[in-house]
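Peer 1: Single-letter residue listing:
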Amino acid sequence: MGFKPATICLQTERLNLLSHTVTSAVCRQTVLFLSSAVRMAGRGRGRGRGQLTFNIEAVGIGKGENLPPSTLQPTPLFPPMEHKPVPLQTGEEAEYMLALKQELRGAMKNLPFYIRPAAPKKDVERYSDKYQSTEPTDNTIEWDPDWKRLPRELRVRVRKPLKERALPAPKCAKKPRVDKEEIIRKLETLEKKEEELSSDEEEREKKQEEEEQEGEEEYDEEEFEEETDYIMSYFDNGEEFGGDSDDNMDEATY
Amino acid sequence: MTAQEVRLCGLLLQEHFGEVVEKVGTHLLRIGPLSLRAIAHETSTPLDLVKKSLCVLLQHSLCSFEGTQKGPRGVVEYRASCERILRMLRYPRYIYTAKTLYGDTGELIVEEVLQRGHMTMSHAVQTVADRLTHNMEEGSSMEYSEVVSAFSRLVETHLLQRCPSVTEGPLPVASSGGPAASATVPTLSECQTERFNLPPITLKGKGKRRLSNEDNEAEQARGKRARLDDANTKTSGDEGIYWQVNFERFHQYFRDQAIIGAVASKLDQTSSEIVRTMLRMSEVTTTPTAAYTQPLSVNEIFRALPPSYSISRPVLEQYLTLLVDDPMEFVSKTGDSGGGMYAVYVHKVLTSLARATLESVVQERFGSRSARIFRLLLRKRHLEQKQVEDFAMIPAKEAKEMLYMLLSENLVQLQEIPKTPDHAPSRTFYLYTVNPLSTARMLLQHCYKTVANLIVRRLNETKENKRLLEKSQRIEAILASLQASGAEAAQLTEVEEMITAPERQQLEALRHHVNKLDSSENQVDETIFLLESHISSTMASR
Numbered sequence: 001m002g003f004k005p006a007t008i009c010l011q012t013e014r015l016n017l018l019s020h021t022v023t024s025a026v027c028r029q030t031v032l033f034l035s036s037a038v039r040m041a042g043r044g045r046g047r048g049r050g051q052l053t054f055n056i057e058a059v060g061i062g063k064g065e066n067l068p069p070s071t072l073q074p075t076p077l078f079p080p081m082e083h084k085p086v087p088l089q090t091g092e093e094a095e096y097m098l099a100l101k102q103e104l105r106g107a108m109k110n111l112p113f114y115i116r117p118a119a120p121k122k123d124v125e126r127y128s129d130k131y132q133s134t135e136p137t138d139n140t141i142e143w144d145p146d147w148k149r150l151p152r153e154l155r156v157r158v159r160k161p162l163k164e165r166a167l168p169a170p171k172c173a174k175k176p177r178v179d180k181e182e183i184i185r186k187l188e189t190l191e192k193k194e195e196e197l198s199s200d201e202e203e204r205e206k207k208q209e210e211e212e213q214e215g216e217e218e219y220d221e222e223e224f225e226e227e228t229d230y231i232m233s234y235f236d237n238g239e240e241f242g243g244d245s246d247d248n249m250d251e252a253t254y
Numbered sequence: 001m002t003a004q005e006v007r008l009c010g011l012l013l014q015e016h017f018g019e020v021v022e023k024v025g026t027h028l029l030r031i032g033p034l035s036l037r038a039i040a041h042e043t044s045t046p047l048d049l050v051k052k053s054l055c056v057l058l059q060h061s062l063c064s065f066e067g068t069q070k071g072p073r074g075v076v077e078y079r080a081s082c083e084r085i086l087r088m089l090r091y092p093r094y095i096y097t098a099k100t101l102y103g104d105t106g107e108l109i110v111e112e113v114l115q116r117g118h119m120t121m122s123h124a125v126q127t128v129a130d131r132l133t134h135n136m137e138e139g140s141s142m143e144y145s146e147v148v149s150a151f152s153r154l155v156e157t158h159l160l161q162r163c164p165s166v167t168e169g170p171l172p173v174a175s176s177g178g179p180a181a182s183a184t185v186p187t188l189s190e191c192q193t194e195r196f197n198l199p200p201i202t203l204k205g206k207g208k209r210r211l212s213n214e215d216n217e218a219e220q221a222r223g224k225r226a227r228l229d230d231a232n233t234k235t236s237g238d239e240g241i242y243w244q245v246n247f248e249r250f251h252q253y254f255r256d257q258a259i260i261g262a263v264a265s266k267l268d269q270t271s272s273e274i275v276r277t278m279l280r281m282s283e284v285t286t287t288p289t290a291a292y293t294q295p296l297s298v299n300e301i302f303r304a305l306p307p308s309y310s311i312s313r314p315v316l317e318q319y320l321t322l323l324v325d326d327p328m329e330f331v332s333k334t335g336d337s338g339g340g341m342y343a344v345y346v347h348k349v350l351t352s353l354a355r356a357t358l359e360s361v362v363q364e365r366f367g368s369r370s371a372r373i374f375r376l377l378l379r380k381r382h383l384e385q386k387q388v389e390d391f392a393m394i395p396a397k398e399a400k401e402m403l404y405m406l407l408s409e410n411l412v413q414l415q416e417i418p419k420t421p422d423h424a425p426s427r428t429f430y431l432y433t434v435n436p437l438s439t440a441r442m443l444l445q446h447c448y449k450t451v452a453n454l455i456v457r458r459l460n461e462t463k464e465n466k467r468l469l470e471k472s473q474r475i476e477a478i479l480a481s482l483q484a485s486g487a488e489a490a491q492l493t494e495v496e497e498m499i500t501a502p503e504r505q506q507l508e509a510l511r512h513h514v515n516k517l518d519s520s521e522n523q524v525d526e527t528i529f530l531l532e533s534h535i536s537s538t539m540a541s542r
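Protein sequences appear in the order of chains A and B. Everything in the first sequence is counted per our numbering, starting at 1 for the first residue and increasing by one. Everything in the second sequence is counted per our numbering, starting at 1 for the first residue and increasing by one.
Extracted from the complex, chain A is given alone in its bound form:
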């Protein structure tokens, strides 16, 4: 006696594993399974059809009853619904909550908590990339959490709003007109260059970043200064250059 009627009976209720659709196709599947069991049972013996290992009447299918034909394909993706769903609630409360939800969604996108992934690199590295600021996706955070409540390893620099950084920049543009100040500044930057090299190494060793905010500003500016020997304001993008060459096309022949 090796048959297991329990498993076959229970498998009718596990048919939901096969599909989630709710049509009479499901009923057909119940019977499909049973009829395939019938066929498989018959295959081994070879004598007599419908020799199941359990009494089929127990499940409720009478003798000689017409079973619906078995389906040979998966059920459709959007089966037709016999019962249409009830319409949504309307009214002042529902509409107000709807408006609240949409406003909340919009507002969250503008808060500093919305973190955008790093912008993908453009196709060719442009020279002006060094001097024009791109989106700040580096290690800065745009809001000021209470660092005492967070583990120390999460600490990142707090980025100051752009307004404050823009203010000192035009101020510095006026200064280099005076020669003396220019030389003094050059000397200072050369001094700081040495300091920064050592401080760079220190920073990399420490996990925690403890720069003061003013030092950060000057550091960025000095870094810009460091890259070239030219003064920032004298830097010419070269964008206006192209307009001049339109008149003298003969020069280009070699």
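Keep in mind the hints are simulated off the structure, nothing from the lab. Backbone N, C-alpha and C define an ideal beta-carbon position, used for all residues, glycine too. Misleading hints may appear alongside valid ones.
Said to hold, decoys possible - Derived, one-sided and incomplete: chain B residues facing chain A with beta-carbon distance under 7 Å:
hint : residue
1    : 16
2    : 19
3    : 21
4    : 30
5    : 88
6    : 92
7    : 96
8    : 254
Fit chain B to the known structure of chain A by using the hints.
Peer 2: Frame of chain A, contents of chain B only:
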């Protein structure tokens, strides 16, 4: 955490905080507690972005950290909280409730605290006052004191609570020798007695109105001064005391509303008022997961009834007797002292509500006759096939088909009772039964899947029409700037005509679809709340 919950959490995180936070959050949910380096390595995200995402998650209490002893120096592990992330679906409901209870000021306070996770009282008051001033007419502004009083009212009814505060406690040092390491991991502890204590703050002033773009230079100069002022007023006495929304209290309120609504629809308005009074009196004395509220005597109820409902004492007693005798068992009599002690049977009401939800789901999906079979099985527990046909008065063939359909959807289960030890099918009883708790859980998972599908569909719709949406936004911006600079009607109509009529129709259809999807999310969330309350109440009573 089931797969459906994780999927829904991922979508919610993506909508509110972006893809980076979503990646980190879903990874934490799937894998469990992880350290910072492990997260960065497994999600292949740069370390800085991971740090930022964790800061955001911690700010909103969606994640927690814990210092462990693994590794040579002890490692901090982060753990995301699935249940808390799913609460984000209910934010509009919280804000709307605050509005109905405490007006616009309360609404804005709750909205600000929800958007920022947690904030200090002074910061909240200032932001809300500024927002209210912005919406008021010219010349008037919102006093801070009014906002402070609204805030205090919210705290008194426990809708806002204090966040756990930092306590001093360095990690025990695991390495040998070496000086004691300073605390790299702060320990946050919740102080129960202080949870609702308002700090004494000195906040005087009014909301500042945001100036229009025309006064830019003046604003910059003033802005710098204002920033200095802010630095001075920042120390307004409540540093380090952060407030967050108390979701449990809001859920208790929703539960009470559901109970009162059920009583009102089953009996009448006066009975619902009586139950409302009883619930209000036991608000602060009952724990959220209690099965019964505190017993109340008739005298207390009589005294606490609202004056608009002046019913006499005998009438009140009659109503209470009616409530007790009702088969739904809303109220039960727990004693006779003080004229009779009555308590609201919260657990039973929640069960009845969940059951009604299940029945209506079956009815809407399979028809009223299948619903009849389902209700029958709920009432009679175990029935054979023949008995089902007889009791439900449905012909045998249709009853069979309906039962199989319910069986395949797992709403109904089959129970075997063997007569003989060898489980012969001809000598075994096969009984159909419904297990309400597991059916409720299954339906809850379906709800999560539904909401996730709705969100995905909405994102898909907006993505398909992205070009059109951007175009309409640009045109609106142009129109607004033209109107602000006083253009003539001809120019305005010219700009408006840049959107063609079929595009307008498409936009209108898109807006309609998105509204419908959003509205559906809100309403599925109501079902989620009912089912979750029922499940937690049942688990707590076991």
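Peer 1: Against each hint, give a clear statement of whether it holds in the structure.
Peer 2: Results of checking the hints against the structure:
1. 16: At 5 Å from the nearest chain A Cβ, residue 16 of chain B passes the 7 Å test, so the hint holds.
2. 19: holds, 6 Å
3. 21: Holds: closest Cβ of chain A sits about 6 Å from residue 21 of chain B, inside 7 Å.
4. 30: violated, 20 Å
5. 88: Cβ of residue 88 of chain B sits 9 Å from chain A, so the hint is violated.
6. 92: holds, 4 Å
7. 96: holds, 5 Å
8. 254: violated, 13 Å
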